[in-house]
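Using the hints provided, position chain B relative to the given structure of chain A.
If you read the protein sequences in the order shown, they are chains A and B. Using my numbering, read the first sequence as starting at 1 and increasing by one per residue. Using my numbering, read the second sequence as starting at 1 and increasing by one per residue.
Some clues are possibly wrong.
With beta-carbon atoms standing in for the labels, derived distance ranges [to be verified]:
#1 348/B to 33/A: 21 to 29 Å
#2 172/A to 24/B: 45 to 53 Å
#3 33/A to 353/B: 21 to 29 Å
#4 298/B to 172/A: 36 to 44 Å
#5 370/B to 121/A: 49 to 57 Å
Calculated from the structure, these hints are not laboratory results. Don't be surprised by glycine CBs; every beta carbon is placed ideally from N, CA and C.
What follows is each chain in one-letter form.
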Amino acid sequence: MTTATTEHPVDNGVNVEALLSAREALSASPDAAKFKWRASVKWINGTHSRSTVGGFYGLGEEQKHKTTFSFDADHPEIFASEDHGATPVELVLAGLASCLTAGVAAVAQNRNIQLRSVSATLEGGMDVRGILGADSDVRNGFDGIKVTYKIDADASRDDIEALVAQSQKRSAVYDIITNPTNVTVEVE
Amino acid sequence: MRTTAVVIGGGQAGLAMSWWLSKRSIDHVVLERGQIANSWRTERWDSLRLLTPNWQSRLPGYRYQGGDPDGFRTMPETIEFIQGYAKSISAPVRTHTSVTSLRRTDDGYQVVTDSGSWQCDAVVVASGACNMANLPAVAETVPKEINTLTSMQYRNPGQIEDGAVLVVGASASGTQIADELQRAGRAVTLAVGEHVRLPRTYRGKDILWWMDAAGVFDEDYKNVDDIVRARNLPSMQLAGYPDHRMLDLNSLNSIGVRLVGRLAGINQGKFQLSGSLRNVCALADLKMNRLLNAIDEWANENLVSDQVDPPHRFEATKVEASPPLLADITSSGIKTIIWATGFRPDYSWLDIPVRDHKGFIRHDGGVVTDSPGMYLIGMPFLRRRKSTLIDGVGDDARDLSAHLGRWLRGQRRPKHRRLHAVNH
Numbered sequence: 001m002t003t004a005t006t007e008h009p010v011d012n013g014v015n016v017e018a019l020l021s022a023r024e025a026l027s028a029s030p031d032a033a034k035f036k037w038r039a040s041v042k043w044i045n046g047t048h049s050r051s052t053v054g055g056f057y058g059l060g061e062e063q064k065h066k067t068t069f070s071f072d073a074d075h076p077e078i079f080a081s082e083d084h085g086a087t088p089v090e091l092v093l094a095g096l097a098s099c100l101t102a103g104v105a106a107v108a109q110n111r112n113i114q115l116r117s118v119s120a121t122l123e124g125g126m127d128v129r130g131i132l133g134a135d136s137d138v139r140n141g142f143d144g145i146k147v148t149y150k151i152d153a154d155a156s157r158d159d160i161e162a163l164v165a166q167s168q169k170r171s172a173v174y175d176i177i178t179n180p181t182n183v184t185v186e187v188e
Numbered sequence: 001m002r003t004t005a006v007v008i009g010g011g012q013a014g015l016a017m018s019w020w021l022s023k024r025s026i027d028h029v030v031l032e033r034g035q036i037a038n039s040w041r042t043e044r045w046d047s048l049r050l051l052t053p054n055w056q057s058r059l060p061g062y063r064y065q066g067g068d069p070d071g072f073r074t075m076p077e078t079i080e081f082i083q084g085y086a087k088s089i090s091a092p093v094r095t096h097t098s099v100t101s102l103r104r105t106d107d108g109y110q111v112v113t114d115s116g117s118w119q120c121d122a123v124v125v126a127s128g129a130c131n132m133a134n135l136p137a138v139a140e141t142v143p144k145e146i147n148t149l150t151s152m153q154y155r156n157p158g159q160i161e162d163g164a165v166l167v168v169g170a171s172a173s174g175t176q177i178a179d180e181l182q183r184a185g186r187a188v189t190l191a192v193g194e195h196v197r198l199p200r201t202y203r204g205k206d207i208l209w210w211m212d213a214a215g216v217f218d219e220d221y222k223n224v225d226d227i228v229r230a231r232n233l234p235s236m237q238l239a240g241y242p243d244h245r246m247l248d249l250n251s252l253n254s255i256g257v258r259l260v261g262r263l264a265g266i267n268q269g270k271f272q273l274s275g276s277l278r279n280v281c282a283l284a285d286l287k288m289n290r291l292l293n294a295i296d297e298w299a300n301e302n303l304v305s306d307q308v309d310p311p312h313r314f315e316a317t318k319v320e321a322s323p324p325l326l327a328d329i330t331s332s333g334i335k336t337i338i339w340a341t342g343f344r345p346d347y348s349w350l351d352i353p354v355r356d357h358k359g360f361i362r363h364d365g366g367v368v369t370d371s372p373g374m375y376l377i378g379m380p381f382l383r384r385r386k387s388t389l390i391d392g393v394g395d396d397a398r399d400l401s402a403h404l405g406r407w408l409r410g411q412r413r414p415k416h417r418r419l420h421a422v423n424h
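Extracted from the complex, chain A is given alone in its bound form:
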């Protein structure tokens, strides 16, 4: 593996030491590793809704983000909507983008690779006849997602590709999208 031999220590702003010691501690106490991530949503009008995230559960107790974050979702005007926010499927792409990119930074830090810039574009193909109910053979979701990274770093092309590959291997959202998950929806 190529390692940076600069006089300055590699710093991508990721505290890998803390992550590695968390991994060590949590493999010894699996209960503390059980997290619950939560979101809540309120319908506003039409296809416009607002989701918020604030609290979650982890390390054996309730936890809180520093602030409550909210995300407006809607659909564009060509869907006869008012376009007050991103479409939910775009939020999924944003989730994947952020998850993979956080992974790239963490893996780079762990492998002693200094990043200078990281950007990516994501594109998910979709045949909307699925969600419109126009053709029952067409899937509702993406028929595929393409992620294209541009990375400038002190590393060979092979090492950069390995970074990106490893970030997929460790990504929660990548796993959520590529593997099935049981979803239970109930009405109170």
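For chain B alone, kept in the frame of chain A given last:
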């Protein structure tokens, strides 16, 4: 019955340990549940050959003497080789002796077997890493009308009911079984998760020759970044075919095996396949190339160029543009699933609390630190990368028998003094 050390398991690991214990004049017995090399006799398919070349079976005091050092042993030849070893070193093996319990006593260990019990000061667990098939959770959801078997139960294509076959797992076993079944005329789908791709031959030499020569196999467990990961790596995707042909996903693809993502679930009559196929293949290609780079660097420094062929790279793993994510069980025609998803050891007889939350014995390079006098051998990356190879177990046995000897001496000193006082 009493002895100083009991070795549980009469395969290559137990026998190599026996050789070293004898050399260090430590009384011992080797307990074997079946015959010598039992797993090799009863838990392997008919056509299997060792994936290490014949020369690479150097055991303490024993090595290959035949005329085909670069060939690959069949299972009968492997059994003969290990049996020959037991004989040549006169190992004190008790065959057909199954251990039913191992427990601590006030002054050592008690090993209970189906033919008597042994009291001893030290114990070496050499019962193997591959006693049971390790099935994924999805195995429990397979519909009843589908036949399932593990790579340990697979023998030959004749045993498999007519119809298409899904082989789950693309390491050494899964790829070889997929290859054999497809060549026997079955339509084979191979579900591919994380795997370790390796060429059989590189620059005119066997890949294992390179890894041996360049010191890759000697890598010490203490120098590895992430030993847990290194110990959990899937087996090398290699096969010991007599013609030395390369077995990889591209070769399987070229004979018609359908490659799909990891089997992630079975729901509403459909196989759910992971969308990660492209990434696991990219990872395997990258890691293979990293190893080849290291080999080239080593060759530049250590070999004259006419000793080997020039460097080259292998074609990237070909993955179809949109591998299927769902496969209807009925229309796929799949009648049989073969699980080639790895193995785990069986410690159902172990009555000492030295296992971690996943059931594996906690150890430091084979020294079971929570239970002094107890040792483990023959596990992946126990002390070095080659620890599970027939070729690698000898060095581990040397190190661990030395530790065991030191420990015995430490134990005996006060005891002898006590005995002395009583006699006078």
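Results of checking the hints against the structure:
1. 348/B to 33/A: 21 to 29 Å: holds, 27 Å
2. 172/A to 24/B: 45 to 53 Å: holds, 51 Å
3. 33/A to 353/B: 21 to 29 Å: Given range 21 to 29 Å: holds, Cβ gap about 22 Å.
4. 298/B to 172/A: 36 to 44 Å: Check passed, 38 Å falls within 36 to 44 Å.
5. 370/B to 121/A: 49 to 57 Å: holds, 52 Å
Against the hints set out earlier in the document, no violation occurs for any number.
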